[in-house]
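Asker: Between the sequences and the hints, there should be enough to build the whole structure, so can you do that?
Here my numbering = 1-based position in the sequence shown + 102.
Note that these hints are calculated values from the structure, not bench results. Beta carbons are placed, not taken as given, at the ideal position from N, Cα and C, and that holds for glycine. Just so you know, not all the hints are guaranteed correct.
Simulated restraints, written as ranges between beta carbons of each label pair [to be verified]:
{"id": "1", "residue 1": "Ala154", "residue 2": "Ser120", "range": "18 to 28 Å"}
{"id": "2", "residue 1": "Ala136", "residue 2": "Pro239", "range": "18 to 28 Å"}
{"id": "3", "residue 1": "Cys111", "residue 2": "Asp253", "range": "35 to 45 Å"}
{"id": "4", "residue 1": "Phe259", "residue 2": "Thr230", "range": "22 to 32 Å"}
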Amino acid sequence: EDVDPQLLCASAFEPNDSFANASSLTSAIGQTFALDRCPASDTDFYFVNLAAGQQVSFDATKDPASQAGTLRIQLYLPNQTPGPNKETGPGVPTASIDNYIAPTTGTYYVQITVTGATRNVTYRLGETGLGGVDLAPTNLVIGPGSYQIADEIRFAFDLSNLRSQSVTTPGY
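Answerer: Following this line, the structure appears as structure tokens:
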């Protein structure tokens, strides 16, 4: 039986409601679609690796901005103790943790929560200072024809670097 679309929670990164099953922050930031907190009791966790002394900023923005509820972004240190957090306010759809300097190297976590009873609240994540390389394929095209087991499959895709470190194309 089909589910009423109003009751469906189909985020690409679920389940990501704890430290143990956090999704990649860099992958989430690179998406063209808005992320979502659904249902109302949901919380979203993302992980990111930082080096000691690395300065970063993280932000979360309700999209669309007019959605009900207060969005909160919470940073957790590698030992899962809380670090800084920020919340949105009336007329301010973005919460930012700015110029954070990682005290130690490790896996940090970003948690997103939204207050209120609205079932589905959509948001976007942003960052500055992560650098590195994060390759993302798009526009996958599989060669024409039908395939059998052990057949070679031809495909093509566009590859983008979502981070700031330069990448050179290898020679083949």
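Asker: Determine for every hint whether it applies to the structure shown.
Answerer: Taking the hints in turn, this is what the structure says about them:
1. Ala154 <-> Ser120: 18 to 28 Å: Roughly 25 Å apart at Cβ, these two residues keep to the hinted range, so it holds.
2. Ala136 <-> Pro239: 18 to 28 Å: Distance hint for Ala136, Pro239 holds at roughly 21 Å.
3. Cys111 <-> Asp253: 35 to 45 Å: 37 Å, holds
4. Phe259 <-> Thr230: 22 to 32 Å: 28 Å, holds
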